[in-house]
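Let's have the full structure, built from the sequences with the hints guiding it.
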Amino acid sequence: MARKNSETIVLSVILLAVFGLMWALNGSQFVQFENIQSMAFQLPELGILSLAMMITMLTSGINLSIIASANLSAITAALILTNFVKPDASGIGPMAIAAGAVAAGLSVSAIIGLLNGFLIAVVEVSPILATLGTMILVKGVSIVLTRGYTLSGLPEPILFIGNGLVAGMPMPMILFILCAAFMAVVLNHTPLGNYIYMIGSNPIACFFAGVNNTAVLFRTYLISGIYSGIAAMIMMSRFNSAKADYGESYLLMTVLASVLGGVSAAGGFGRVSGLVLALVILQLVSSGLNLLNVNPFLTIAIWGMILILVMVVNYLSVRYQETHPR
Amino acid sequence: MRRLWKYQETYVALVIVLLSCAITLLNPNFLTLENLFDLLKSYTFLGILSIGVLFVLISGGIDISFTAVATVAVYTTMYVTLQHGGNIATVLLMSAAIGAGLGLINAVIIHFFNIPSIITTIATLNVYYGLLTVFSGGTWLYNMPEWFRRFAETNVISLVNPDGVPYGLSVIPLIWFAVILAAWVILHYTMLGRGIYALGGNLASAQRTGFNILALHLFVYSFMGLLAGIAGVVEVMLAQRVATNSMVGKELDVIAAVVLGGASLTGGVGTLWGTLLGVALVGIIGNGLTLMRISSYWYNVFIGLVIIVSVGVSAYRRKLQRRRKMSVEVE
Numbered sequence: 004m005a006r007k008n009s010e011t012i013v014l015s016v017i018l019l020a021v022f023g024l025m026w027a028l029n030g031s032q033f034v035q036f037e038n039i040q041s042m043a044f045q046l047p048e049l050g051i052l053s054l055a056m057m058i059t060m061l062t063s064g065i066n067l068s069i070i071a072s073a074n075l076s077a078i079t080a081a082l083i084l085t086n087f088v089k090p091d092a093s094g095i096g097p098m099a100i101a102a103g104a105v106a107a108g109l110s111v112s113a114i115i116g117l118l119n120g121f122l123i124a125v126v127e128v129s130p131i132l133a134t135l136g137t138m139i140l141v142k143g144v145s146i147v148l149t150r151g152y153t154l155s156g157l158p159e160p161i162l163f164i165g166n167g168l169v170a171g172m173p174m175p176m177i178l179f180i181l182c183a184a185f186m187a188v189v190l191n192h193t194p195l196g197n198y199i200y201m202i203g204s205n206p207i208a209c210f211f212a213g214v215n216n217t218a219v220l221f222r223t224y225l226i227s228g229i230y231s232g233i234a235a236m237i238m239m240s241r242f243n244s245a246k247a248d249y250g251e252s253y254l255l256m257t258v259l260a261s262v263l264g265g266v267s268a269a270g271g272f273g274r275v276s277g278l279v280l281a282l283v284i285l286q287l288v289s290s291g292l293n294l295l296n297v298n299p300f301l302t303i304a305i306w307g308m309i310l311i312l313v314m315v316v317n318y319l320s321v322r323y324q325e326t327h328p329r
Numbered sequence: 276m277r278r279l280w281k282y283q284e285t286y287v288a289l290v291i292v293l294l295s296c297a298i299t300l301l302n303p304n305f306l307t308l309e310n311l312f313d314l315l316k317s318y319t320f321l322g323i324l325s326i327g328v329l330f331v332l333i334s335g336g337i338d339i340s341f342t343a344v345a346t347v348a349v350y351t352t353m354y355v356t357l358q359h360g361g362n363i364a365t366v367l368l369m370s371a372a373i374g375a376g377l378g379l380i381n382a383v384i385i386h387f388f389n390i391p392s393i394i395t396t397i398a399t400l401n402v403y404y405g406l407l408t409v410f411s412g413g414t415w416l417y418n419m420p421e422w423f424r425r426f427a428e429t430n431v432i433s434l435v436n437p438d439g440v441p442y443g444l445s446v447i448p449l450i451w452f453a454v455i456l457a458a459w460v461i462l463h464y465t466m467l468g469r470g471i472y473a474l475g476g477n478l479a480s481a482q483r484t485g486f487n488i489l490a491l492h493l494f495v496y497s498f499m500g501l502l503a504g505i506a507g508v509v510e511v512m513l514a515q516r517v518a519t520n521s522m523v524g525k526e527l528d529v530i531a532a533v534v535l536g537g538a539s540l541t542g543g544v545g546t547l548w549g550t551l552l553g554v555a556l557v558g559i560i561g562n563g564l565t566l567m568r569i570s571s572y573w574y575n576v577f578i579g580l581v582i583i584v585s586v587g588v589s590a591y592r593r594k595l596q597r598r599r600k601m602s603v604e605v606e
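Protein sequences appear in the order of chains Y and C. Here the first sequence is numbered in this note's numbering, starting from 4 and rising by one per residue. Here the second sequence is numbered in this note's numbering, starting from 276 and rising by one per residue.
No wet-lab data here; the hints were simulated from the structure. Only a predicted model underlies this, so the values are computations on that prediction, with no experimental measurement involved. C-beta: ideal position from N, C-alpha, C; glycine also. Be careful, since some hints might not be right.
Said to hold, decoys possible - DEER-style ranges, computed between Cβ atoms:
1) Y/T326 to C/F426: 50 to 60 Å
2) Y/T217 to C/V440: 51 to 61 Å
3) Y/V315 to C/T541: 23 to 33 Å
4) C/L301 to Y/R150: 19 to 29 Å
5) C/V584 to Y/T193: 32 to 42 Å
Structure, rendered in C-alpha cells:
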C-alpha cells in the first residue's frame with residue numbers, strides 16, 4: 004500500500020514541477036485556453052492506446068498489435084466510408100452508413116483482440132510473441148487492402164469524432180474520459196478486474212483459487228482490441244485519412260506511458276489514475292517544448308530520460324525503505 | 276532421430292526445405308548460386324543483428340534499442356570519416372566501439388537499477404534516436420568516400436552466369452560469417468558462453484555458481500551494441516548513404532526472425548543454428564515471393580502467418596507436455 008501511494012505522490016509532484024517549469028518558460032501563453040484545448044485534442048489518441056496497452060500489462064502480458072489493429076480498423080471504416088458516402092453528403096442515409104462503418108471498424112479490432120486472446124489463453128503462446136505475430140499479420144492485411152496508399156476524403160459526420168466540440172469540450176477528450184472511467188470501474192469494482200490483477204501477480208495461484216484464467220485473458224485482450232479500435236476512429240477522424248503505417252511510433256510510447264504511470268512490467272500492479280497522471284505529464288512536456296520551438300525529437304529523447312529517471316528514483320526509494328525499516 | 280523432433284529448429288529446417296522445393300518448381304532461378312549470393316548479401320544486415328539479439332535473449336533479457344544504436348554509431352562514424360578521412364578498418368572499428376559504448380550504457384542501467392531490460396531499452400531507443408535526430412538535424416549523408424564504395428562492391432568470388440552476365444559473392448557476407456564464427460566460439464567453447472546460458476536459465480543459481488553477473492550483463496549488451504555498430508556500417512555499404520530514419524522501426528522484425536529460430540523470450544534457450552535458420556526462413560519468404568511473382572504487398576501477411584503458426588505449434592506442444600507431466604505427478 005505504501006508503495007502505491009508513494010508512486011501517486013511522486014507522479015503528482017513531477018506533474019506540478021513540469022507544469023510550473025513550462026509555465027515559467029513559456030509565460031502566460033502556456034496557460035491560455037487555446038493551448039489547453041489543443042492539449043486536450045492531442046492527449047486522447049495516445050491515452051486510449053495506452054489504456055489498451057496497460058490492461059494487458061496488468062496480466063503480465065503485452066499487446067504489440069494495438070497500432071496495427073488500430074490501423075486496420077481505421078482502414079476498414081475508411082474503405083466503407085469512401086466507397087459509399089460522398090465527402091459532402093448529409094442526411095439520415097449517410098449518417099447510418101457512417102455509424103455502420105464505425106461499427107465495422109470496432110468489430111475488426113475486436114476480432115483481432117479475440118485472436119490474440121485465443122493464442123495467449125488457449126494455445127498458451129507468450130503474449131509478446133503472439134501479439135508480435137498478429138502485429139505483422141494485421142499490418143500485412145492493411146498493406147494488401149490499401150496497396151500502401153492513403154485513404155482520404157472522409158465525410159463530415161466522421162470528422163466530428165476527432166475534431167468536434169461538445170460544450171467547449173473536445174470530442175476525443177470526452178471519449179478518453181469515458182474510456183478511462185470504464186477501465187477504472189472494470190479494474191477496481193468488478194470481479195474481472197480483481198482476476199486481472201491476480202493473474203498478473205501469480206497465474207498459478209489464481210488458477211487454483213478457482214478463476215477461469217482462459218476467460219479472463221480472453222476478455223483482457225478483447226477489451227484491449229476494442230480500445231485500439233476506438234483510438235483508431237479518433238486517429239482516422241483527426242487525420243481525415245487512414246493508412247497502413249500511421250502512428251507506429253505510438254507503440255513504444257504506450258509502454259513508456261504505462262510504466263511511467265506505475266504499471267509494473269512484471270504485471271499485477273498499476274492504476275488508471277497513475278496512467279492518466281503520466282499521460283498529462285508527457286503532454287505538458289511535449290506541448291510546452293513545442294511552444295518553445297524545441298525540436299520534437301528532443302522531446303522524444305526527454306520522454307525517454309524521464310522514464311529512466313522515474314524508474315531509478317522508484318528503485319532507490321524501494322531500496323531505501325528496505326534498508327531503513329521503520 | 277527421435278530427439279530431433281523435440282527442437283523447433285528441426286521444424287524450421289523442414290519448412291525451409293519444403294518452401295525451397297515449392298519455389299524452385301515455380302521458378303528454377305531460385306536454386307542458383309547467383310540468387311544465393313544475392314540473398315546472402317541482402318540479409319547480412321538482419322543476420323548480424325539477429326546474432327546480437329540471440330545473445331540478449333539467451334541471457335534472459337531483450338534489447339529494443341539496437342536499431343537506434345546502429346544508426347547513431349554509423350552516423351557518427353561516417354560523419355567523422357567524411358571530414359577526417361579513414362579506411363575500412365577505422366570505419367568498422369569506430370562504429371563497433373560507439374555501438375559497444377551505447378550498449379554498455381544499457382547494461383549499466385539494467386544491472387545497477389534493476390530496471391526490466393525491455394523498459395530500459397525502449398527508453399534508450401528514444402533517447403539515442405531523439406538526440407541523433409536533433410544533432411544531425413535529420414540530414415542524410417551522401418557522397419561516401421571512393422574507397423568505401425569500392426570496398427562495398429568487391430567480390431571475393433567472381434563467376435559468370437550462362438547468359439554471360441558476371442556475378443559473385445560480395446565481401447559483405449564475409450563480415451557476417453566472421454560474426455557467426457566469433458559467436459559460435461563464444462557460445463560453445465568459453466566460460467562466458469556458459470555463463471550467458473546460466474544467467475538466462477536462472478539468475479540466482481548463476482550467481483551462486485560463481486558467475487559474475489555484472490560482467491555478463493556488460494558483455495551481452497555491449498556485444499549487442501558492437502554488432503549493431505557493424506550492422507549499421509553494412510547497411511550503409513549496401514545503400515551508399517547514411518539515413519537517420521532507415522533502421523529505427525525494424526527492431527521487432529529482427530526479434531521475430533530470432534524467435535522463429537527457437538530462441539525463448541524467457542531466457543536460457545536458443546541456438547546459433549536456429550537463429551541462422553530463422554533468418555534464412557525470413558529471407559527465403561521475401562525472395563520466394565518475388566520469384567513466384569507474388570506482389571510484395573503480401574510479404575507481411577506471410578511472415579505474420581509463419582510466426583503465428585510456428586510459435587503456436589511449439590507453445591501447444593509444450594502445453595501438452597506439461598499436461599502429461601502433471602498427470603504423472605497426480606498418480
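So, going through the hints one by one against the coordinates:
{"no.": "1", "hint": "Y/T326 to C/F426: 50 to 60 Å", "in the structure": "holds (56 Å)"}
{"no.": "2", "hint": "Y/T217 to C/V440: 51 to 61 Å", "in the structure": "holds (58 Å)"}
{"no.": "3", "hint": "Y/V315 to C/T541: 23 to 33 Å", "in the structure": "holds (25 Å)"}
{"no.": "4", "hint": "C/L301 to Y/R150: 19 to 29 Å", "in the structure": "holds (23 Å)"}
{"no.": "5", "hint": "C/V584 to Y/T193: 32 to 42 Å", "in the structure": "holds (35 Å)"}
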